[in-house]
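Visitor: Each chain, letter by letter, is given below.
There are 4 protein chains.
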Amino acid sequence: MSKIKPPMIILNFKNYSETIGKKGLELAKIAEAVAKEKEAEIIVCPQTADIRLISSNVEIPVFAQHVDSDEPGSHTGNNLMETLLESGAKGSLVNHSEHRLKLADIDFCVTRAKELNLDHIVCTNNISTSKAAAVFSPNFIAVEPPELIGGDISVTTADPDIVSGSVEAVKDIDKDVKVLCGAGVKNGMDVAKSIELGAEGVLLASGIVKAKDKESVIRDLASGL
Amino acid sequence: MSKIKPPMIILNFKNYSETIGKKGLELAKIAEAVAKEKEAEIIVCPQTADIRLISSNVEIPVFAQHVDSDEPGSHTGNNLMETLLESGAKGSLVNHSEHRLKLADIDFCVTRAKELNLDHIVCTNNISTSKAAAVFSPNFIAVEPPELIGGDISVTTADPDIVSGSVEAVKDIDKDVKVLCGAGVKNGMDVAKSIELGAEGVLLASGIVKAKDKESVIRDLASGL
Amino acid sequence: MSKIKPPMIILNFKNYSETIGKKGLELAKIAEAVAKEKEAEIIVCPQTADIRLISSNVEIPVFAQHVDSDEPGSHTGNNLMETLLESGAKGSLVNHSEHRLKLADIDFCVTRAKELNLDHIVCTNNISTSKAAAVFSPNFIAVEPPELIGGDISVTTADPDIVSGSVEAVKDIDKDVKVLCGAGVKNGMDVAKSIELGAEGVLLASGIVKAKDKESVIRDLASGL
Amino acid sequence: MSKIKPPMIILNFKNYSETIGKKGLELAKIAEAVAKEKEAEIIVCPQTADIRLISSNVEIPVFAQHVDSDEPGSHTGNNLMETLLESGAKGSLVNHSEHRLKLADIDFCVTRAKELNLDHIVCTNNISTSKAAAVFSPNFIAVEPPELIGGDISVTTADPDIVSGSVEAVKDIDKDVKVLCGAGVKNGMDVAKSIELGAEGVLLASGIVKAKDKESVIRDLASGL
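Protein chains in written order, with our numbering: chain A, 539 to 763; chain B, 539 to 763; chain C, 539 to 763; chain D, 539 to 763.
Do not rely on the hints blindly, as some may be mistaken.
Same chains, same label: a pair holds when it works inside one copy or across any pair of copies.
Claimed, not checked - Derived DSSO-like pairs (lysine-lysine); straight-line CA-CA distance at most 27 Å: (1) Lys574 with Lys748; (2) Lys752 with Lys652; (3) Lys628 with Lys640; (4) Lys628 with Lys560; (5) Lys748 with Lys541; (6) Lys640 with Lys752; (7) Lys709 with Lys652; (8) Lys750 with Lys731.
Calculated from the structure, these hints are not laboratory results.
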C-alpha cells in the first residue's frame with residue numbers, strides 16, 4: 539500500500555542545472571524543511587543518478603522521473619524498478635510528457651510497480667487519456683494539458699474543466715485512483731483551487747526550480763494544501 | 539584528456555538482477571581487486587541509479603551505460619552528462635545495441651562529452667558503422683556484431699575480420715580512435731586474440747555477470763590483456 | 539458511420555514479398571471473389587504504396603496498415619489520414635503490435651479518424667489495454683496476445699479467455715465498440731469459435747499470405763463467419 | 539547506376555494539404571512542365587500513398603519521402619524499398635530531419651538501396667554528420683542546418699560555409715558522393731549560389747508548396763541551375 543498521504547506537492551527536478559548533485563540535495567532539504575514545518579506531503583523527483591544521494595539524506599519521499607518497462611535482464615541504460623527501489627526511491631513518474639510510453643508499456647509499468655510496491659504517477663495530456671490510464675488502476679494520475687506546460691498561465695484560470703473533468707472521468711473508472719494537477723500551478727492559490735476542483739495534489743517543476751527564493755515558493759505552495 | 543590506459547576490459551552490468559545495488563558493488567569490488575592484482579585497466583558500467591554508490595566505494599573507473607543527447611534543461615527522465623560526472627562517472631557507453639541513437643544524437647553526445655571531458659565508447663554493429671562513428675573522433679569505438687551478442691561463439695573464431703577490419707577502417711579515418719571488441723569475448727584467450735587483431739580492449743556483460751565464479755572469470759580475462 | 543458489416547475477416551498484407559504490387563492485387567482479387575461468393579465482409583490491408591492500386595481495382599474495403607498522429611503539415615514520410623482516404627482507403631489499423639503508438643497518439647488518431655469518417659481498428663495486447671483503448675470509443679479493437687502472433691497455436695485453444703475477457707471489458711466501457719480476435723486464427727473453426735466467444739471478426743496475416751492455396755484458406759475462414 | 543543527372547531540384551511534398559492526391563499530381567505536372575521547358579532535372583517526393591498516382595502520370599523522377607530499414611517480411615505499416623520501386627519510385631529520402639533514423643539503419647538503407655538500384659538522398663544536419671554519412675557512399679547527401687529549415691533565411695547568406703564545408707568533408711571521404719543543399723533555398727539566386735559553393739542540387743518544400751504561383755517559383759529556381 540502507498541504510504542503517500544494526499545494532498546501533496548510533487549517537485550520534478552527535470553534535468554535543470556539548478557538540481558544537479560549537491561544543488562539537488564540542497565533543494566530537497568528545503569522541501570523537507572517546509573514539509574516538516576507545514577506537516578505537508580512533499581515529494582521530490584531528482585535525476586536518476588542523484589536518487590541515492592538524496593534519498594539517503596532526506597526523510598521526505600523521493601521518486602524517480604522515469605521508469606522503463608523492463609524486468610531485470612539484458613537491457614542497457616534503462617531504469618529498472620528494482621534498482622530504483624534499492625537506491626531509495628519510493629515511486630516514479632510514468633509517461634511524463636517529456637518521456638512518453640506506448641500504451642502496452644504503461645500497462646506493464648503500472649502492473650509491475652504494484653507488484654513491487656513502487657508508487658507511480660501516470661502522466662496524461664487530457665481527460666480521455668486520463669480516463670484510459672485509470673483503467674490500469676495506478677496510484678495516481680497527473681493530467682498535464684500540453685498548452686500549460688512550462689508556461690505562466692494558471693490551469694485554474696485557463697482550463698479549470700480539465701481538472702474537474704479528469705477527476706470525474708477517472709473516478710468513474712476507479713474511485714481509488716487519485717488525480718493530480720500536472721501543469722499550470724504556480725502558487726498556493728493555484729494549489730488550493732486545484733484541490734477545490736477535486737485534485738489531490740499538484741506536480742510542478744520550473745516554478746520552483748527556477749525561482750530565486752525557492753523556499754518562499756515551496757512554502758506558499760504548501761499553504762494551499 | 540582520457541585517463542584510461544588501454545588495453546582494458548569493460549564490464550557492462552546491464553539490468554541483470556545480479557548487479558543491483560549491493561550486489562553490483564560487490565561485483566565492482568571483485569573487478570577492482572583483480573585490476574590491482576594484475577595491474578589491469580578494468581572499467582565497470584553499473585545501472586545509473588547505482589553509479590554513485592559504486593564510484594564512491596571503488597577506485598577503478600565507473601562508466602554509465604547510456605547518456606542522452608541533452609544539455610541541462612526541461613528534460614524528464616534522461617541521463618545528463620553533467621549529472622553523471624557529478625555522481626562519479628568518468629565516462630559512458632553511447633549507442634549501445636540495446637539503446638541505439640540517431641546519427642545526429644551520436645554526433646551531439648561525442649562533441650559534448652569531449653567538451654565536458656567525459657570518456658565515451660560509441661558502440662557500432664559492423665565495419666562501416668564503426669568507420670562512420672570514427673568521423674566524430676570519439677575516445678573509443680566498440681564493435682558488436684549483432685549475431686555474437688549474448689551468445690557462446692567467440693568473435694575471434696566466428697568473425698576475426700570484423701575486429702581487424704574495424705581497426706583498419708577506424709584508423710584510416712582517425713588514428714587516435716581506439717577500437718574495442720564488443721561481443722563474442724568469453725575468456726582470456728579471446729581477449730589476447732582480440733588484442734592481437736588490433737583491438738585495445740574488450741566490452742562484455744553476461745560472460746561475467748552470469749558466471750558462478752565471477753572472480754575467476756575476470757582474472758582469466760585480465761590474463762589476456 | 540462505418541459501412542463495415544461485421545462479422546468480418548481482416549487480412550493484413552504486412553511487408554511480405556507475396557503481397558507487393560501486382561501480387562497484392564491478385565491476393566485482394568481472390569479475397570474479393572470469396573467475399574462475393576460467400577457474402578462475407580473481407581477487408582484487405584495492403585502496404586501504403588499499394589493502397590491506390592488495390593482500392594481502384596477491387597470493391598471490398600481497403601484499409602491502411604498504419605496511420606500517424608498528424609494533421610496536414612510539415613511532416614515527412616508519415617501516413618496522413620486525409621491522403622489515405624483520397625487514395626481509396628476506408629480505414630486503418632492503429633497501434634499494430636509491429637507499429638506501436640504512444641497513448642496520447644492513439645487518442646489523437648481515434649478522435650481524428652472519427653472526424654474524418656475513417657474506420658479504425660486499434661490493436662491491443664491483452665484485456666487491460668483493450669479496456670483502456672475502449673475509453674476512446676474506436677470502431678474496433680483487435681486483441682493480439684503477443685505469444686500467439688505469427689505462431690501455429692489457436693487462440694481458442696490456448697487462451698479463449700482473452701477473447702471473451704476482452705469483449706466483456708470493452709463492452710463494459712462502451713457497448714458499441716466491436717472486438718476482433720487479432721492472433722491465433724488459422725481456419726474456419728477458429729473463426730467460428732472466436733465469434734462464439736463474442737468477437738465480431740478476426741485479423742490475420744501469415745496464415746493467408748504464406749499459404750500455398752490462398753483461395754482455399756480464405757474460403758475456409760469465411761465459412762466460419 | 540543512378541539515372542539522375544545533377545544539378546537538380548528536389549521538391550519534398552511533406553504532408554502539406556496542398557499536395558494530397560490530385561493536388562499533388564497537379565503540382566508534379568507543373569514541375570514536369572518546367573523540367574521539360576528548361577531541360578532541368580526536377581524530382582518530386584509525394585506522400586507514399588500518392589507515389590503510384592504521380593509516377594504513372596509524369597515522366598520526371600518520383601522519390602519517396604522515407605524508407606524503412608526492412609527486408610520483406612513481418613513488418614506492418616513500414617515503407618519497403620521493393621514496394622516503393624514497384625509503385626514507380628526511383629529513389630527515396632533517407633533520414634529526413636522529420637524522420638530520423640539510427641546509425642545502423644542508415645547503413646542498412648544505403649546498402650540495400652544500392653543493391654536494389656534505388657536512388658537515395660541521406661539527409662544530415664551539419665558538416666560532421668555529412669562526413670559520417672559519406673562513409674556509406676550513398677548517391678546523395680542533403681545537408682539541412684536545423685536553424686534554416688522552414689524559415690525565410692537563405693543558407694548562402696546565413697551560413698555559406700556549411701555548404702562548402704560539407705562538400706569538402708564529403709568529397710574527402712568519397713569523391714563520388716554528391717552533396718545537396720537541403721535548407722534555406724528560396725529562389726534561383728540561392729540555387730545558383732549553392733551550386734557555386736559546390737552543391738549539385740537543392741532540396742526544398744514549403745518555398746514551393748506554399749507559394750501562390752507555384753509555377754513561377756519553380757521556373758525561377760530552375761533558372762539557377
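Visitor: Can you list which hints this structure breaks, lowest number first?
Guide: As far as the earlier hints go, 2, 5 and 6 are violated by this structure, in ascending order.
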